[in-house]
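Student: Each chain, written out:
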Amino acid sequence: MWLFGTGVGLLVSGGGVGLLGRRRLVLILSSLLAMAGCLLASISAIQVLVTGQSWEERLAAGILWADWSVGMDALSAVFVVPISIVVAAASWFSIGYLDGAHYLARRAKIVCWFHLLAASMLLVVTARNGLFFLMAWEGMSLASFFLVLTEHERVAVRLASWIYLIAMHLGAASLWVLFLLLGRGTGSLDFAQFSAASAPAGVVFVLALVGFGTKAGIVPFHVWLPEAHPAGPSHVSAVMSGVMIKTGIYGLLRILSFFDEVPAWWGWTLISIGVVSALFGIVFALAQSDLKRLLAYCSVENVGIIVLAIGVGLLGVSHRHAVMALLGFTGALLHVINHALYKSLLFLAAGSVQMRAGTLDMNRLGGLLRQMPITGAAFLLASCAIAGLPPLNGFVSELAIFLGILSGLVGGEAATGLARIPLAIVALGGLALVGGLASICFSKAFGGIFLGTTRSAEAECAREVSWVMYSPTVVLAVLCVAVSVAAPVWPAVLNGAVRSVMAVEEPGASAEVLTQVTAPFTALSVSMLILLLTFVGLAWLRRRLLSSRGVERSVTWDCGYAQSVPRAQYTPDSFVQPVVTLLRLLLRPTVTLRLPGGLFPTGAEYRSRVGDLLQQHLYRPVFLALAWSAAGLRRLNQGRIQLYVLYIALTILTLLIWKMD
Amino acid sequence: MVTWTGIVQLTIALLGAPLVLSMINRTKAMVAGRHGQPWLQPYHDLRKLLWKSAVYSRTTTVVFVAGPLASCSVAVVVLLFLPVAGSPALITFPGDFVLVACLLGLARFFTICAAWDTGSSFEGMGASREVFFAALGEPALLLSMTTLAVLTGETSLSGIYGSLGWSVLLSPAGPALLLVALSVLVVYLAENSRIPVDDPNTHLELTMIHEVMVLDHSGPDFALIHYGAALKLWTLGMLLGGILAPLSSNGLWFNIAAGLAGMALLGFVTGLIESSMARLRLLRVPQFLIAASVLAIFALVLVLR
Numbered sequence: 001m002w003l004f005g006t007g008v009g010l011l012v013s014g015g016g017v018g019l020l021g022r023r024r025l026v027l028i029l030s031s032l033l034a035m036a037g038c039l040l041a042s043i044s045a046i047q048v049l050v051t052g053q054s055w056e057e058r059l060a061a062g063i064l065w066a067d068w069s070v071g072m073d074a075l076s077a078v079f080v081v082p083i084s085i086v087v088a089a090a091s092w093f094s095i096g097y098l099d100g101a102h103y104l105a106r107r108a109k110i111v112c113w114f115h116l117l118a119a120s121m122l123l124v125v126t127a128r129n130g131l132f133f134l135m136a137w138e139g140m141s142l143a144s145f146f147l148v149l150t151e152h153e154r155v156a157v158r159l160a161s162w163i164y165l166i167a168m169h170l171g172a173a174s175l176w177v178l179f180l181l182l183g184r185g186t187g188s189l190d191f192a193q194f195s196a197a198s199a200p201a202g203v204v205f206v207l208a209l210v211g212f213g214t215k216a217g218i219v220p221f222h223v224w225l226p227e228a229h230p231a232g233p234s235h236v237s238a239v240m241s242g243v244m245i246k247t248g249i250y251g252l253l254r255i256l257s258f259f260d261e262v263p264a265w266w267g268w269t270l271i272s273i274g275v276v277s278a279l280f281g282i283v284f285a286l287a288q289s290d291l292k293r294l295l296a297y298c299s300v301e302n303v304g305i306i307v308l309a310i311g312v313g314l315l316g317v318s319h320r321h322a323v324m325a326l327l328g329f330t331g332a333l334l335h336v337i338n339h340a341l342y343k344s345l346l347f348l349a350a351g352s353v354q355m356r357a358g359t360l361d362m363n364r365l366g367g368l369l370r371q372m373p374i375t376g377a378a379f380l381l382a383s384c385a386i387a388g389l390p391p392l393n394g395f396v397s398e399l400a401i402f403l404g405i406l407s408g409l410v411g412g413e414a415a416t417g418l419a420r421i422p423l424a425i426v427a428l429g430g431l432a433l434v435g436g437l438a439s440i441c442f443s444k445a446f447g448g449i450f451l452g453t454t455r456s457a458e459a460e461c462a463r464e465v466s467w468v469m470y471s472p473t474v475v476l477a478v479l480c481v482a483v484s485v486a487a488p489v490w491p492a493v494l495n496g497a498v499r500s501v502m503a504v505e506e507p508g509a510s511a512e513v514l515t516q517v518t519a520p521f522t523a524l525s526v527s528m529l530i531l532l533l534t535f536v537g538l539a540w541l542r543r544r545l546l547s548s549r550g551v552e553r554s555v556t557w558d559c560g561y562a563q564s565v566p567r568a569q570y571t572p573d574s575f576v577q578p579v580v581t582l583l584r585l586l587l588r589p590t591v592t593l594r595l596p597g598g599l600f601p602t603g604a605e606y607r608s609r610v611g612d613l614l615q616q617h618l619y620r621p622v623f624l625a626l627a628w629s630a631a632g633l634r635r636l637n638q639g640r641i642q643l644y645v646l647y648i649a650l651t652i653l654t655l656l657i658w659k660m661d
Numbered sequence: 001m002v003t004w005t006g007i008v009q010l011t012i013a014l015l016g017a018p019l020v021l022s023m024i025n026r027t028k029a030m031v032a033g034r035h036g037q038p039w040l041q042p043y044h045d046l047r048k049l050l051w052k053s054a055v056y057s058r059t060t061t062v063v064f065v066a067g068p069l070a071s072c073s074v075a076v077v078v079l080l081f082l083p084v085a086g087s088p089a090l091i092t093f094p095g096d097f098v099l100v101a102c103l104l105g106l107a108r109f110f111t112i113c114a115a116w117d118t119g120s121s122f123e124g125m126g127a128s129r130e131v132f133f134a135a136l137g138e139p140a141l142l143l144s145m146t147t148l149a150v151l152t153g154e155t156s157l158s159g160i161y162g163s164l165g166w167s168v169l170l171s172p173a174g175p176a177l178l179l180v181a182l183s184v185l186v187v188y189l190a191e192n193s194r195i196p197v198d199d200p201n202t203h204l205e206l207t208m209i210h211e212v213m214v215l216d217h218s219g220p221d222f223a224l225i226h227y228g229a230a231l232k233l234w235t236l237g238m239l240l241g242g243i244l245a246p247l248s249s250n251g252l253w254f255n256i257a258a259g260l261a262g263m264a265l266l267g268f269v270t271g272l273i274e275s276s277m278a279r280l281r282l283l284r285v286p287q288f289l290i291a292a293s294v295l296a297i298f299a300l301v302l303v304l305r
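Going down the list, the sequences are from chains C and U. For the first sequence, my numbering gives the first residue as 1, with consecutive numbering after it. For the second sequence, my numbering gives the first residue as 1, with consecutive numbering after it.
Quick caveat, the hints were computed from the structure, so don't treat them as lab data. Being a predicted model, the structure only gives us computed values, none of them experimental. Treat the hints with care, since some could be wrong.
[Unchecked claim] Facing chain U, from chain C, some residues (calculated, C-beta under 7 angstroms):
{"no.": "1", "residue": "188"}
{"no.": "2", "residue": "395"}
{"no.": "3", "residue": "421"}
{"no.": "4", "residue": "428"}
{"no.": "5", "residue": "429"}
{"no.": "6", "residue": "433"}
{"no.": "7", "residue": "531"}
{"no.": "8", "residue": "554"}
{"no.": "9", "residue": "582"}
Don't be surprised by glycine CBs; every beta carbon is placed ideally from N, CA and C.
Turn these sequences into a full structure, and let the hints guide you.
Tutor: See the structure below:
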């Protein structure tokens, strides 16, 4: 308790220190305070995970009608650890990132809001009272809103932050209703006294899905993500995309923990939303040319995978299939941790690239691996991990989800009464397709940015960032590897958290189920070790063979054409063109095409941009209609004082008549 | 769990895989009325490449070197999971076919990165096609394997292929098995860059898919690529042969003989396919691959009904 409290206190005080001035020392000091705070918070969380003893503390009762109680159980701890790690890494990165002239004038603001965002995230996942939770939630939304608004002089940034603010408040509105409904029965907003009986379960589930889903970025509530993530500074995007959207997942799991029994349709709803989000997210991600927009859409994909896994877990619970439930929830929680690690790494690396090469348009980058080897290597590792390729951590969680689905489908132990055909086709087929598409997306991102030759002049003079900026990406990369090496321990480590969400099996059977769940991961580790040894062995063989012979350097094969220019390379956009063409009805790319013409053609132009389908064809018309109808109300508001007095009198009259009996 | 059966199977695969290429080439030559290359030609090619020096493009980095190493080591590791005609493999765990499918993805990812690394338009184009077709093929493979898993009640490759037999093929589930076999055949042709998806014999860069991605590799790197491709052909061939000719018994040598006979037959059939049809237009290839997924889904529905 004290560790955690001090940690949050250090984060807040770091924010205060950040306001002290523009000197570098201030920046370093506030970052160190944040890192110390994160260290303490994560120690207290790891304590809870290791010992299995949760705590709960009532700080102050009755202030502002809320009992300010915080507590940490295994579920909170599973979220506190990645939040602390990512915040610490981003904070360390910001020492170098915010040092440039670009952010100098607004550095104090960024630092202050960043620390408040971090502290409020930690409070969101540990709050044990509805009103306190909503306050922390609101603090998180506002702090991140101001961070998105950092470069407010740009129209696009202002628009993005408005979209973000509106989305967050529409989501928060449904959360208010949700908590009031849950608290209605006992008259208290304490989580401990919430009972599922006081509200219709279906309504609670839908409200939670809308409210928390907006923060998490599931389709169709994802529209703010591709706008807000590219707008803010990169270390902020890393925190927002890596961990802030996961508080939505946390909220969903916390609400589920109030129920003992779940109907099967909840599982099916989550699975369908998850698959749609994952496919929609990855398809739009691979069509983007801006790296940060690509990463933002990819967050939609990963949140979709997490929601799908929760759905698999819920199906397991409602059909009393312990292995399926355990694998589903374990996969979901592990994917939360994994995505936090590699997504924040990718955003930090994007920040480094933007700082050095001056652009994030992948069609203007290329060949940066030679100039920025460490950032590039970290980016490669994270790309493999996020594409779900073995042996990295993304594959471990996806394997858990696959195994969960399979255990529900196959054999004598298959769940009874489960509709297996839709599960197999939607969940398994969808997940397989998402994996392949993610491979396209990230071979495009890594290959386009870091390999080949540089496509623009400004990227040509890019050089490696300072050690302050590349060390956090290295640390995150090492953690990604560590998670995958430790694959066999995760079912046991996350077991407590899974159990605090749902009772997945009959008491007494837990050890047996856990052994059954862990077995594949042990075999996975062994085979990955063999893979590594084979790779090293072949590398040694190749070296041996080449050592006695000369190795020549020459040009890339170009069919004998002598004057090859870098711009003639295949661009990232042309790389994904076949997919975009196949899915043109969904992606609706805006293409500008000017063909070379005349007897002596001089120039040609081709541009293709993919906007968001739902924003353009759903939200834009709806909000325009709202604005139009609101314009009608303006007539009531004419600025004449007599008219307002009349309104007041009418209101009082109406109230009196209503209450007259 | 290291068994003699597994070791013998692995050794045969490592030594015999290039022979399947010979089988395909001899068949094509026979149909065309030529004599064809010697049976051991793939081995001579490998030896020649291994003993050569290498030329690297100035554009390339260490990623270019990692590509062939990754694709070959993945192909070797995948063999550890591969049962031969019902005899269990060296490593087996529930759901290992997911790992196998994703390992093939890992090899592809690095091959594609190596292609990007050359900065060549040809290789970028090949990589773009390869990754696109593979993304469509992956669901077909996973759904097919899931169908087999549901059918046999096992979730590991060794378990699945150990339970398949003539009795399953002739049972009411037989049609589903044939659909799965068709689906896996498409994946086998696409993944091994065979006609009708890709033509391994083409000489025009613009029409190549897999070959163009490895244009700049030479010497030992190229040997690793060739060897890895032969192993991959062997792996997917065994997966396909195990469905259609499930001659499993308890005798190791009988199983191996059955597996080899199946492989030889498959090589012959592949040769016939390559001799008798032209490759599809590139725009038609996605439909061909999606059809494989649809077949797998039909099979799944039949089995789960």
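Student: Of all the hints given earlier, name the ones this structure violates by number, lowest first.
Tutor: Hint 1 contradicted; others consistent.
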